[in-house]
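Asks: Sequence:
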Amino acid sequence: MRRAGRMRTAAALLVLATVLGGCAAGGSAHPLEPSAGATRPTVSATRPAPSATAAAPDPVLAYADERLRNLTLRQKVASLFMLHAPGTDPAALRQFVDRYGLGGVILMSDNIPATPQALAAETAATRASDPGLPALVGIDEEGGDVTRLPWDSGPGAEALRALPPAATQQAFAQRAALLKQAGVTLNFGTVADVTADPHSFIADRILGTDPASAAARVAASVTGERGSVLSTLKHFPGHGETEADSHRTVPTAAIDHARWAAQDAPTFRAGVQAGAEVVMFGHLVYSGVDAAPASLSPAWHRILADEVGFHGVTITDDLRMLQDTGLPQYQDAGANAVAAIAAGNTMVLMIQGAEDPDALIDAVVAAVRDGRIPLAQVDADARALLVLRRSVAVRG
Numbered sequence: 001m002r003r004a005g006r007m008r009t010a011a012a013l014l015v016l017a018t019v020l021g022g023c024a025a026g027g028s029a030h031p032l033e034p035s036a037g038a039t040r041p042t043v044s045a046t047r048p049a050p051s052a053t054a055a056a057p058d059p060v061l062a063y064a065d066e067r068l069r070n071l072t073l074r075q076k077v078a079s080l081f082m083l084h085a086p087g088t089d090p091a092a093l094r095q096f097v098d099r100y101g102l103g104g105v106i107l108m109s110d111n112i113p114a115t116p117q118a119l120a121a122e123t124a125a126t127r128a129s130d131p132g133l134p135a136l137v138g139i140d141e142e143g144g145d146v147t148r149l150p151w152d153s154g155p156g157a158e159a160l161r162a163l164p165p166a167a168t169q170q171a172f173a174q175r176a177a178l179l180k181q182a183g184v185t186l187n188f189g190t191v192a193d194v195t196a197d198p199h200s201f202i203a204d205r206i207l208g209t210d211p212a213s214a215a216a217r218v219a220a221s222v223t224g225e226r227g228s229v230l231s232t233l234k235h236f237p238g239h240g241e242t243e244a245d246s247h248r249t250v251p252t253a254a255i256d257h258a259r260w261a262a263q264d265a266p267t268f269r270a271g272v273q274a275g276a277e278v279v280m281f282g283h284l285v286y287s288g289v290d291a292a293p294a295s296l297s298p299a300w301h302r303i304l305a306d307e308v309g310f311h312g313v314t315i316t317d318d319l320r321m322l323q324d325t326g327l328p329q330y331q332d333a334g335a336n337a338v339a340a341i342a343a344g345n346t347m348v349l350m351i352q353g354a355e356d357p358d359a360l361i362d363a364v365v366a367a368v369r370d371g372r373i374p375l376a377q378v379d380a381d382a383r384a385l386l387v388l389r390r391s392v393a394v395r396g
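To convert, note that position 213 of the sequence shown is 213 in the numbering used here; the numbers rise steadily by one, no gaps.
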């Protein structure tokens, strides 16, 4: 997801470089149905379970379990959606979140007011109705080409690639502090893709042109954000293997598993080991692994769990992008949401246009009732998000 950008200022880069000067360093048709025989990895809460000798259960897990017991099926399903409401009116944003019972809301450029204080008032409105369990507030704040906050003048990936990993950690720490001040809780900010191809759509946004350099900076970005915002790694399994733009088509690369494991997996593994709480799935096809886009692929969700070692919250890239390809099999927004959750995504992200949020929620509820999505899966996904949201509230 891109849709807007702002280049870093030279002054900010000069300051950062001075401080750190001594530091070392075209889509074809793809089915919506999950791959045959695929099984979904278990989504676990992102907090450790209490030890056998613990005197009391983890209060965050206990809180999540209690809230889950009191949710209807529709409320559980609604909590799996992160949607977008245009404008900067705090009251309207609060009404949007409350009306649909959403698990999250994403801020785009049309949501950003002139000052950090005004944005803080806007995000505070999303917490007002249920401060103990706030909806996640997400944003794409990578820096450089993809910047939503006009007051974020820090360097982006294109500049950070030329500096030691410590510069990436500092830049992301400073950016995360701005987001925390503004009440944003989830940053879709770490591009874990790798490519040395200057013509690639993602080339200006990567943190390294080879697996080793990218992995070091991906890990540094997650470390920098720690304690301020939740970190997201994107766009799994990796956007760097194709030049195509996933906002316009479903990029396809004839990449097999061995190539992916050597070239693309290391950066995601490094980010997971650094503590990233969320992984975003791209609408990308590696035909040597699965004919379906990764965002709709149980096989890729299994690989993320079994080979990368990630068992936390997964989220789609903007599902509207699939519709924007013009491919007929992706023109039903509700069917896309059902396929995404059935594939293994914990959460569905959509910057919806004319789509009615109720219709999206209804489509998934119907899929649960007729057995296309197991109720146990929805329970596990809703619980994982309850844990994440409660953790945000407790952390403050």
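Rather than coming from a laboratory, the hints here were simulated on the basis of the structure. Just so you know, even glycine gets a beta-carbon here, dropped at the ideal spot from N, CA and C. Where hints are given, some of them may not hold.
Unchecked claim - Calculated cross-link-like contacts (lysine to aspartate or glutamate; reagent style DMTMM-like; alpha-carbon spacing at most 25 angstroms): (1) K180 x E158; (2) K180 x D306; (3) K180 x D110; (4) K180 x D130; (5) K180 x D145; (6) K180 x D98.
Stated by the list, open to error - Computed spacing ranges between beta-carbons, pair by pair: (7) L375 x E66: 16 to 26 angstroms; (8) A196 x A56: 47 to 57 angstroms; (9) V394 x P150: 41 to 51 angstroms; (10) A56 x D324: 48 to 58 angstroms; (11) A62 x Q273: 26 to 36 angstroms; (12) D110 x Q75: 35 to 45 angstroms; (13) A359 x E66: 25 to 35 angstroms.
Asks: Just tell me: holds or violated, for the beta carbon distance of V394 and P150 against 41 to 51 angstroms?
Replies: violated (31 angstroms)
Asks: So does L375 sit 16 to 26 angstroms from E66, Cβ to Cβ?
Replies: holds (19 angstroms)
Asks: Just to be careful, I want the Cα atoms of K180 and E158 compared with a cutoff of 25 angstroms; is the pair within it?
Replies: holds (24 angstroms)
Asks: Is 47 to 57 angstroms right for how far apart the beta carbons of A196 and A56 are?
Replies: Once the Cβ atoms are compared, 52 angstroms apart, the range 47 to 57 angstroms for A56 and A196 holds.
Asks: Using the C-beta atoms of A62 and Q273, is the stated range 26 to 36 angstroms upheld?
Replies: holds (28 angstroms)
Asks: When you take the CB atoms of D110 and Q75, is the distance between them in 35 to 45 angstroms?
Replies: violated (28 angstroms)
Asks: Given the hint that K180 pairs with D110, test it: the Cα-Cα distance must not exceed 25 angstroms.
Replies: holds (19 angstroms)
Asks: Hey, K180 versus D130, does the alpha-carbon distance stay inside 25 angstroms?
Replies: Answer holds: K180 to D130 is near 19 angstroms, not above 25 angstroms.
Asks: For the pair A359 and E66, does the Cβ-Cβ distance stay inside 25 to 35 angstroms?
Replies: holds (30 angstroms)
Asks: Take a quick look at whether K180 and D98 sit within 25 angstroms of each other, Cα to Cα.
Replies: holds (22 angstroms)
Asks: Check whether the Cα positions of K180 and D306 lie no farther apart than 25 angstroms.
Replies: It is violated: about 32 angstroms lies between the C-alpha atoms, which goes past 25 angstroms.
Asks: Starting from the range 48 to 58 angstroms, see whether the pair A56 and D324 falls in it by beta-carbon distance.
Replies: Once the Cβ atoms are compared, 49 angstroms apart, the range 48 to 58 angstroms for D324 and A56 holds.
In this structure, the hints that do not hold are numbers 2, 9 and 12, in rising order.
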